[in-house]
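Asks: Line by line, the protein sequences are chains A and B. Position 360 of the first sequence, counted from 1, bears residue number 360 in UniProt numbering, the numbering being contiguous throughout. Position 27 of the second sequence, counted from 1, bears residue number 27 in UniProt numbering, the numbering being contiguous throughout.
Label-pair ranges, simulated between beta-carbon atoms: (1) 338(A) to 75(B): 24 to 34 Å; (2) 94(B) to 154(A): 38 to 48 Å; (3) 75(B) to 192(A): 32 to 42 Å; (4) 237(A) to 94(B): 41 to 51 Å; (5) 338(A) to 139(B): 27 to 37 Å; (6) 70(B) to 311(A): 12 to 22 Å; (7) 70(B) to 192(A): 17 to 27 Å.
Listed next, the stretches of chain B that the computed footprint assigns to chain A, with coverage defined by at least 3 CB atoms under 8 Å from CB atoms of chain A: (8) 38-49; (9) 60-68; (10) 72-86.
Derived from the structure by calculation, the hints contain no laboratory data. All C-beta atoms, glycine included, are put in the ideal place defined by N, C-alpha and C.
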Amino acid sequence: MDQPTVLAETIHRLVLLPQGLTLDCGVHLAPLEIALCSYGTLNRAADNAILVCHALTGDQYAAEPHPVTGKPGWWSRMVGSGLPIDTDRYFVLCMNVLGGCMGSTGPRSPRPGSGDGSTEPHISMPWGTDFPPITIRDMVRAQRLVIAELGIERLFAVIGGSMGGMQVLQWAATYPELVFAAVPIATAPFHSAQNIAFNEVSRQAIFADPDWQGGRYWADGRVPARGLAVARMMAHITYLSEEALTRKFGRRLRRDPYNAEAPLALFGEMFEVESYLRHQGSSFVRRFDANSYLTITRAMDYFDIAADHDGDLAVAFRNTNTRFCVISFSSDWLFPTAQSRAVARALNRAAANVSFVEIDSDKGHDAFLLDEPALDRTIRGFLAGAAEHAGLEQRPRSHAASAGQA
Amino acid sequence: MRLDQKLIADMIAPNSRVLDIGSGDGSLIEHLFRTRNCDARGIEIDMAEVTRAVAHGLPVMHGDADSDLAHYPDGAFDYVVLSRTLQAVERPREVLRQMLRIGTRAIVSFPNFGHWQLRWQLLLRGRMPMTDTWSTGWYETPNIHPCTIRDFVSLCGSEGYAIQSWLAVDDKGGRSPWRRSIQMANLFGEQALFLLHRKDFGVGASGDTSTCQPIAHPAGSAQASRSSRLLDVAEAADEAG
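Start from the sequences, fold in the hints, and give me the full structure.
Replies: What follows is the structure, given as structure tokens:
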């Protein structure tokens with residue numbers, strides 16, 4: 001595979017947290033930078049803020065063109081003026097997770113005090129695989145610090161799918177008084193053995209790439225593009241469903257564009273699904289860092305909310321006043337409905353206010369990113385109902401605060 | 001909102017915690033929230049209805065009476081409502097037990113299989129009766145556990161539930177002249193509505209009388225409140241027997 005241009009050094013909007021954060025692993029990480037995007041206006045009461053949490057390979061560019069790929073934001077069909085997460089009404093924040101590679105502190109960040117060999121101590125080396133292990137709770141704690149920095153005392157809602165949904169659950173469990181409403185979508189209370197297994201295959205693909213060089217690939221400017229692309233290809237299959245793949249590609253063939261004249265050979269022709277996956281792989285390596293992928297997949301693997309509460313998920317949400325809307329998709333086999341139902345039932349045991357919807361879709365796990373009118377209706381309606389209970393004013397009156405400068 | 005739901009709503013004290021099992025489009029829980037400031041939630045088995053209710057801003061979860069009530073803690077609600085669904089659940093007795101475990105009171109309505117038209121049709125034709133209320137064929141009906149009003153009173157007796165009040169009405173919930181006699185109600189009531197509590201739960205003794213309202217019928221409240229009363233299970237069972 002061709003070497004992609006190394007992740008462009010894009011300018012992101014950052015919040016600096018000089019005090020840093022003590023991670024679950026015991027390491028104190030300081031200072032901390034969290035990259036974010038925001039949409040809409042924080043009202044005078046600062047009570048209309050919605051935190052949108054991104055998934056494994058997402059980032060903070062939820063509703064604006066991505067600075068690296070130029071593509072629309074990953075949730076631009078959900079977040080915006082007049083859309084279900086209506087930026088005319090809500091102040092929407094999305095942050096790159098701790099350990100990510102779109103501006104937040106992560107394996108690509110310079111390691112403080114890591115001169116390349118003591119002669120020039122002001123030149124710092126990236127953390128690489130020395131970056132401490134991160135948990136979903138660490139990500140949420142970092143987000144909590146940013147929220148406080150922005151002067152937001154309570155989030156009206158926290159919303160996210162997949163790993164974003166894990167963050168939603170973690171927010172509700174760790175800071176229940178700070179979350180009025182929570183919308184965990186296509187997620188689970190712990191990462192299943194099957195999902196850990198998929199992550200492990202992804203990681204092994206990266207390790208197996210000679211360009212990975214034990215994680216120090218930044219040293220000679222090459223990146224483990226092949227390994228990361230294979231990781232993405234494999235993972236991408238798990239985000240779809242057999243039905244969706246059949247509908248989109250079936251068994252259709254296409255001639256290899258690079259070998260159109262070649263006589264029929266073993267790989268002279270390509271199935272469309274192969275071509276699609278290769279495209280997914282090669283475009284992914286242009287915007288994602290391999291060490292970040294390792295760090296974040298590991299954080300997902302560690303995720304198990306009940307484990308922090310004697311194995312009882314209901315205890316994690318005991319006495320919560322948060323309103324929940326748990327959403328799953330019928331064809332999602334990566335985070336199947338049964339796992340969302342387990343969350344909903346645990347919330348029932350905690351006597352929490354919970355709505356639970358399984359949306360009928362053949363699009364698999366990725367359905368939460370795609371055109372699903374029932375999802376739109378559900379989120380829009382749930383937020384409207386929650387806003388009424390929260391006593392949120394209909395339209396933000398003040399345009400004074402525009403948070404997030406660093 | 002259906003008239004029978006209005007009757008149910010009239011049984012519920014303001015500011016209560018309510019679980020509506022089989023909440024449909026959520027009109028009862030919305031009514032309870034808007035007019036009585038209740039914390040009302042729903043469970044519904046039909047996913048299209050769940051989506052519609054949640055999209056309307058109502059707290060409804062997908063689930064069913066048979067398998068999901070076990071996940072709620074004891075005494076989580078002041079009222080648990082099961083409207084026209086008891087006859088369709090797999091284990092009605094267990095569902096009632098769960099309702100009165102997770103709720104202080106249970107409000108149950110069901111179509112009465114003892115209605116004279118059903119008896120008459122079965123007697124005369126020797127075929128499963130078909131009426132406005134019982135309108136699906138025996139081979140495809142979801143109503144797998146039909147019962148009569150007397151059957152229900154008898155079950156309450158053996159399970160130790162006190163009947164705080166009861167009402168027999170027609171299919172639309174509109175007419176209820178048989179308030180004194182369970183036997184007459186069993187013959188002429190198309191559907192029945194019961195407000196139950198556990199016998200070991202001291203309603204009234206705790207000073208919690210505000211919620212023990214007589215059923216006020218919308219179409220004749222003076223007469224209704226005069227004739228409505230607390231009915232002990234033993235008394236009811238006697239009358240029924």
